[in-house]
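**Student:** Letter by letter, the chains look like this.
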Amino acid sequence: MSARLREAYGASPLHLLAHLAALALSAFALLQILGTRTATTIVVWLVASAVLHDLVLLPFYGALDRLAMRAAGRAINYVRVPALISGLLLLVFYPAISGKGNGAFHGVSGLDYEGYVARWLLASAALFVLSGAVYLLRGSRS
Amino acid sequence: MTLPGPFLPGFWRSPLRGPWLTAALGCLLLVLVAVVAVTGFLSHAAYEPDLGHNAIVDPGADLPLVFDWPTRPTFLYAVTQGLHVNVGLVAIPFLLAKLWSVIPRLFAWPPVVSPAQAIERLSLALLVGGAVFEFVTGVMNIQYWYAFGFNFVVAHYYGAIVFVAALAVHVTVKTPVALRAFRERGVWRPLRDDLAHTRPEPGDEHGGLVAPAPSEPTITRRGLLATVFAGSAALLLANAGETIGGPLRRVAILAPRRQVIGSGPNDFQVNKSAVAAGVTAAMIGAGYRLTLRGGPREVTLSREQLLALPQRAARLPIACVEGWTTTQEWTGVPLADLARQAGVARPRGAFVRSLQPRGVLNQVTLNAGQVADPDALLALRVNGADLSPDHGFPARIIVPDLPGVHNTKWVAAIDFGAPS
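Keeping their order, the protein sequence lines are chains A and B. Counting from 1, position 60 in the first sequence corresponds to residue 60 in this note's numbering; the numbering is continuous, with no gaps. Counting from 1, position 349 in the second sequence corresponds to residue 349 in this note's numbering; the numbering is continuous, with no gaps.
These are computed hints drawn from the structure, not numbers from a lab. One or more of the hints may lead you astray.
Unchecked claim - Covered by chain A, per the in silico footprint, the following chain B stretches (three or more residues, Cβ under 8 angstroms):
1. 109-122
2. 146-159
3. 243-256
4. 260-272
All C-beta atoms, glycine included, are put in the ideal place defined by N, C-alpha and C.
Excised from the complex, chain B in its bound form:
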């Protein structure tokens, strides 16, 4: 039997491949993926899936990683989620380079020589499948391309567990291999080689990474790494402006949320417009009443009555799970004051219901700390003007560090007796 090309040892010819290059790319990728994974699981916790109907992933089938999400510092979620998305983009060139560096291993022949290798290859299949799946779904989701036909949150969450589990065992098994490569070749030394000195790495009998019949080098190892860094920098530059805002938004040439809408008080990014949410002019017209529950009796307030209550201003970001952020000056009634209006002295949380007729995100349950924060507002105005219908007129929730979509718009009712 003759094996097809890729299975033959002479097929892979790059003189750069070897344990040192894979170890170097692996270490860099590991740092980036660690940031993305930690911030990803933090975002899961920030949605407070243990409260009310917040959960999108079935809480009965979840890992016990949830805690009371804080409200300080107020930019916390903007930072963690901005890192999740932007470091995720930065990691893509490193992932591609890392996979390129080990591709000969996929075609190792014979494919399995021991039970240990069989189980290792199975976990590697999960690692590569899980990694590419996570990056592909994440990248599609931030750009609203829902071609996958499954629930993004559920798939991205469980995909992350597969990815992280497979990665943890990969790091455990490969750390000695990487350390040996650094010991034998030096951590930095291969970066000093110019093109004339770029030779295949010596001694890799078991690794199968070093080409037995290498071609002439066309790029140095530092050149390869610099190219990967440049690719990452380009992706970061093309996107990060939508997270950081200010003049960088214009520099972010391919960011999905780069649009500058105008210069008016309500001219900032809308996650979901009133039309898209099915909120009509009649729902938010003169007949609008806010209902407060949880106390001895229901309290209803018109928008004028809400405006007559003591107002508080807070400069807070809306930070979307998709990685974009917009910071504005909000004015409204603190939720803690509304709880007192409802007759609840020490609310254990709050269940907020929107006028929005459909959608899983037309409601939210807040924890006790979120309701108690002085800057947690039922906002009525933004940047000195009434909220626009798209930003939640007559009244919307704005709570420090709350994931963007949980800042419920067009608030119909708040129940301060909600269990937490």
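Chain A extracted, bound-state conformation:
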């Protein structure tokens, strides 16, 4: 019986049970979401999250990497690493850097996101300078 199930299903019965348990719990959570007034928006964001990452963000930074590779050649990592960290800072702190969150932030606290663009640019400049310094030091040694 177990062997026949394994053949027809493609994995062990435990694989099936584990997945059914997880899917049931996920279905519970999704049903609660569907019960809210903004169900459609939440589901759209859930689907869009995976789609935008896999089909937009990842191909985008992959393409940037290939461009950088063409420009920098063997020195690629001296460009890649600071660019990646700078990009990460922009990606994660985009609401503050771009000021997108400033309206609500100012509304509750009376404060503003001031100088975030400047500090992000200065941090990025520092990262590239640091990387350039390491490149020069290593180059002069070899």
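Knowing the structure of chain A, use the given hints to seat chain B on it.
**Tutor:** Showing chain B alone in chain A's frame:
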């Protein structure tokens, strides 16, 4: 039929991809996500959704994960929520790297060869969607960008359940695969390879991770991991100062709550100003009276009468769900003393109502342990000065380990007969 590029085996060319790299990134990510998930569900419990009107997520449709949130040690919520937000940020580069390492699998062709694989791919869709959704909504919320148009708490909570359920089954299914990779390649050995020795991993017939036509390596595996660590460190450094405070606040160059307001006794972060809350000067003027209920009869007290009661000082943090913390020296009347004033000897809890006219957070229900804690205060002063209107003048709640917004400001009434 000709398949488009990504579906062809030769399309993905990085020589680094393989079971060992995915296992290494997966293990590191798992530790981080476990911290974020546990502290997230702890925060849900800290809001005491089973009491009064505290719940934001419908209690009739909740998991039975709620318990009486303690008041000691007093930095508990500051630590758990600081970890939730900061470890969440640290996890982002690991999540991106992990997803990069398995991207060829998304385009595996044929897409489904067995029912087992179909169900596994369905749960993976929930895993990736749930993971990215949780990080995107969390990151937007700590920076007040409410572009999503849904209730953050509800969506982030149920999204977490989808994410954790899908992750649990993924870990169950993939642990043997990861262990095999570590057994065959060693846990640390691939980290020792320099660029000349960075070769594709051998033997991965079923995995589909190893590139069949790899390009020349441009970075070592340890270089890739070091870059991920550096990205995480940068995010942590850019934010953690708003959690830890002190001189680190200035170092936290991109933290949403990095602003140093001034050096006066009331110059610390305001979650919601009096203006934003709709609290006017008339409401908190000379006519202000605090109403105590739950005893044989209602008791009303002016601010002068409150100041005439025995005062207690406590150094306590306000720890916001958004991950920032500010620790101050508060002075006021212990809630337990106010319960006695109201004629309630052993309060089972307290329902606190603010003067704030609107908003779901203009009230809170505290549990019995929170009311009984000697440092649970109706604070009247902070750092030796009267509270400012933005910090809750004439009187505010300050309870150890209470999530920031539950420390209700502009308190109008406290009912010690509230059911708990």
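**Student:** Work down the list of hints and note, for each, if the structure agrees.
**Tutor:** Do the hints match the structure? See the list:
Counting residues of the segment 109-122 of chain B whose beta-carbon sits less than 8 angstroms from any beta-carbon of chain A gives 8, enough to reach three: the coverage restraint holds. Counting residues of the segment 146-159 of chain B whose CB falls under 8 angstroms from any CB of chain A gives 10; the rule of at least 3 is met. Coverage of a stretch by a chain is defined here by at least three residues with a beta carbon nearer than 8 angstroms to that chain's beta carbons; for the segment 243-256 of chain B and chain A the count is 3, and the condition holds. A count of 5 residues in the segment 260-272 of chain B with a Cβ less than 8 angstroms from any Cβ of chain A is obtained; the coverage claim is therefore met, three being the minimum.
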